[in-house]
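J.: Start from the sequences, fold in the hints, and give me the full structure.
Counting along the sequence shown from 1, when you hit position 94 you're at 94 in full-length UniProt numbering, and nothing is skipped either side.
It is possible that some hints are incorrect.
To be verified - With a Cα cut of at most 27 Å, we get these calculated DSSO-like pairs of lysine-lysine:
1. Lys57 to Lys28
2. Lys28 to Lys43
3. Lys114 to Lys157
As the list claims (entries may be wrong) - Computed beta-carbon distance windows for the label pairs:
4. Met99 to Ile132: 13 to 21 Å
5. Phe140 to Pro10: 14 to 22 Å
6. Thr116 to Lys59: 32 to 40 Å
In short, the hints are calculated from the structure, not lab data. All values derive from a computational prediction rather than experimental measurement. Ideal placement from N, C-alpha and C gives every residue a C-beta, glycine not left out.
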Amino acid sequence: MADIKLVYFPVRARAEPLRMAFELSGKKYENVIIPSEKWAEEKANAPYGQLPYLVVKGKKYGESLALAGYVARECGLAGKTSEDAMRVTEVCSLIADLMTNMGKTQFETDEAKKLTLADLAAYDIVESLLKINADVLSAFPEVTKMRGKVEENPKMKAYLAKRPQTEF
Numbered sequence: 001m002a003d004i005k006l007v008y009f010p011v012r013a014r015a016e017p018l019r020m021a022f023e024l025s026g027k028k029y030e031n032v033i034i035p036s037e038k039w040a041e042e043k044a045n046a047p048y049g050q051l052p053y054l055v056v057k058g059k060k061y062g063e064s065l066a067l068a069g070y071v072a073r074e075c076g077l078a079g080k081t082s083e084d085a086m087r088v089t090e091v092c093s094l095i096a097d098l099m100t101n102m103g104k105t106q107f108e109t110d111e112a113k114k115l116t117l118a119d120l121a122a123y124d125i126v127e128s129l130l131k132i133n134a135d136v137l138s139a140f141p142e143v144t145k146m147r148g149k150v151e152e153n154p155k156m157k158a159y160l161a162k163r164p165q166t167e168f
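T.: Structure follows, in structure tokens:
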């Protein structure tokens with residue numbers, strides 16, 4: 001039995017980079033899946049009432065970025081220097097912000113809801129990614145929808161039309 005358990009829903013999302021790190025490094029872990037229909041009864045047992053969480057030698061730890069830092073160090077994927085580790089954390093934090101916004105877009109039920117700064121920040125990074133790879137959104141219809149929501153907003157449409165074209 002592994003000393004580390006990774007507990008999450010039966011999806012990739014926030015747990016997948018952790019699973020990939022364990023697999024890449026060969027570090028033993030147990031991948032514990034909580035089916036959506038069981039989440040209500042399990043939520044009280046999860047740190048901060050959230051997934052994912054890790055169980056390390058019987059103790060539970062939560063918060064995705066804290067877990068990512070721990071797993072990166074344990075798996076030898078945090079870089080060689082403190083500056084490397086800071087860059088790894090910086091990129092992981094950026095991706096977590098993007099995932100949060102994507103989640104809001106995916107689960108938003110009020111189509112008329114106003115844009116947030118998170119929408120605008122996600123739009124901006126997606127525009128940069130599209131310059132690198134025009135097909136980057138092909139597997140992300142909800143992000144494409146969010147992008148359209150920004151571009152269809154009259155104020156944003158006017159701004160984007162007059163905004164100087166830059167590399168990023």
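J.: For every hint, state whether the structure bears it out.
T.: Here's how the hints hold up against the structure:
1. Lys57 to Lys28: holds (13 Å)
2. Lys28 to Lys43: OK: Lys28 and Lys43 at ~25 Å, within 27 Å.
3. Lys114 to Lys157: The hint holds at about 15 Å.
4. Met99 to Ile132: 13 to 21 Å: holds (19 Å)
5. Phe140 to Pro10: 14 to 22 Å: holds (20 Å)
6. Thr116 to Lys59: 32 to 40 Å: holds (36 Å)
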